[in-house]
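**Student:** Please arrange chain B on chain A, whose structure you already have, making use of the hints.
Here the protein sequences line up with chains A and B, keeping their order.
With the first letter of the first sequence counted as 1, position 456 gets the number 456 in the numbering used here; the numbers rise by one all the way through.
With the first letter of the second sequence counted as 1, position 8 gets the number 8 in the numbering used here; the numbers rise by one all the way through.
A hint or two may mislead.
Residues of chain B placed beyond 10 Å of chain A at every Cβ, according to the derived structure [what the hints assert, rightly or not]:
id: 1; residue: L5
id: 2; residue: G8
id: 3; residue: I21
Just some of the chain B residues that point at chain A, by a computed CB distance under 7 Å [said to hold, decoys possible]:
id: 4; residue: T16
id: 5; residue: F23
id: 6; residue: W44
id: 7; residue: I52
Derived by calculation from the structure, the hints in this document are not laboratory data.
Idealized CB from N, CA, C, for every residue including glycine.
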Amino acid sequence: MSNRFFKKIVGETNEYERTPIPGASLKGGKSFLGMYAGEHTAGTEFVIGPLFVAHGVAAGDLVLGLLIGNLLAVLSWGLITGPIAASKRMTLYYQLERIAGKNLVRWYNLVNALMFCFLAGSMIAVSATAVGIPFDLEMPTLTDWLPRTPGWIVTVLVMGAVITLVAIQGYNQVSKFANIMSPWMILIFIAAAIVGLAQLGVGSFESLITIAQEVIWNGVPLAGMSKFTIWHIIFFAWFCNMAMHIGMSDLTILRYAKSWTYGFYSFAGVFLGHFVAWIASGILYSVFLQANTASQEFAPGAIAYQTLGIAGAICVVIAGWTTANPTIYRAGLALQGIFPKVPTWKITAIVGGITSLAACFPALVMKLLDFVALYGLLLMPMGAVIFADFYFSKKMGFQYEGALNSKSDFSVPALLSWVLTLVFCLGLNFFYGVEIFFLGLPGWFVAVAIFVVLSRMKYPLAKSLA
Amino acid sequence: MKNLLKIGSLLGLLLTIVPPIIFFMGNSDLSQMKWTMGFGMVLWFVTAPFWINKTSQQ
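The following block holds chain B by itself, in its conformation from the complex:
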């Protein structure tokens, strides 16, 4: 389960940083980029709290 959460978090971070790079290269429009980043943010928020501090405590 924890691995699934970590994969979700990683995907969330990728959806935060990759869309701006694609936008910079001229392969997407601003609106599309903003929505994708918003989805990445939600993915990070719903997965990261369940494993980041657990790892620190261990």
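Bound-form chain A, shown alone:
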């Protein structure tokens, strides 16, 4: 009964999990613009902008830091991920399997899928803060880790079920959904900034500068929060999607691109979502703090509803949805690598269930900055491995796609690149106190270097006879 139901809505979806995308299935630029704009104008934006306010970043540091960090992120997508995706046209998971071997990729896929589940779960939780408004649901606070009420759990589980139904229909449905929603969502974020500034008393350019510097981003962190500098903003903006660009997760999406340059289309996502939307949501939170000075409540849905009414609350739901959808889809593909014979739709349904359970815990929202940085860091070394294999195998004298060409199911260079890089990053954090936001950059170079050196030893190119 349930199988028939799922098969009916899935239809004849072909996701090309283990074959390159054929020419007829390539997609034009509009599809990627909509996808990126929708994905990065998301539920997370309603959390990250306010957390910057809570961490006491100064107004000038925020604007300059976001401009620089977002530019670096677009360049990472355009120059690192896009060319490899358009050349290979394979999912991250299948590409990695050819380099690192089936057995190692199983572990990578498991970590990847879990991280995606938690991220999608946080998005569902954010959406639930809006869905719960008409039911007078008790909202989570900044210090909450566990669900407060059974009503919260029921709301989250129902939302998770609906979102999963859309996600199991594959990339086409996700893309269509994002395309429809993104123009309206972006305008809602801009509207939030305009209304918020009016409520804070901005009436001229001079008062905008004054209120931005002295009220919204006044450089003073809230009690119990660490101080953020311009470096935090630059590195967070650059690496909040580290798993997607230098971690290569977006190979899975960009393999559909007609041109390698479509990686640069990520500018639509980052400069609208990670600039306009973060600033707008920071303004919204500032309005909330002005009206509720002692409140510990942290509910993006309620905050948006207070300023923008029903349109604001619905936007929070949709914004969470358009991020959760592709994230669940990606998690499904990750598990596909472990269970290749199980249909994608069935795996996505299971992933949706795990995601919905994770969403019950508000800690995913309250610790989002740290979680986003951690999940990117955990996955990044394998992106560095793909990069090194693609660009350095011939130049540095080792066999490309080492596991495939040596008929091995396990690549020691890839494993050690992953593990030793994480050990190196952990050491930087533990012994030198380097914060998690700054570990990705040195870690990427370490991963590339370890993989190249060990691959030359393990998979050297046979010297040709003169």
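**Tutor:** Frame of chain A, contents of chain B only:
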């Protein structure tokens, strides 16, 4: 028909962004602005799905 839908969608977007600007200029109250934005949202939702993805597919 498609042109009518597109006009409806455009109107929906205008009703989403113009009321906040009018509110910012002090020419409407918050409640009025919220209701107008809600109407714009409904207009977008009932018109945009019928032409946005159709255009992409073509």
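**Student:** Decide, hint by hint, whether the structure agrees.
**Tutor:** Tested hints:
no.: 1; hint: L5; result: holds, 12 Å
no.: 2; hint: G8; result: holds, 13 Å
no.: 3; hint: I21; result: violated, 6 Å
no.: 4; hint: T16; result: holds, 5 Å
no.: 5; hint: F23; result: holds, 6 Å
no.: 6; hint: W44; result: holds, 5 Å
no.: 7; hint: I52; result: holds, 5 Å
Checked against the numbered hints given earlier, the structure breaks only hint 3 and satisfies all the rest.
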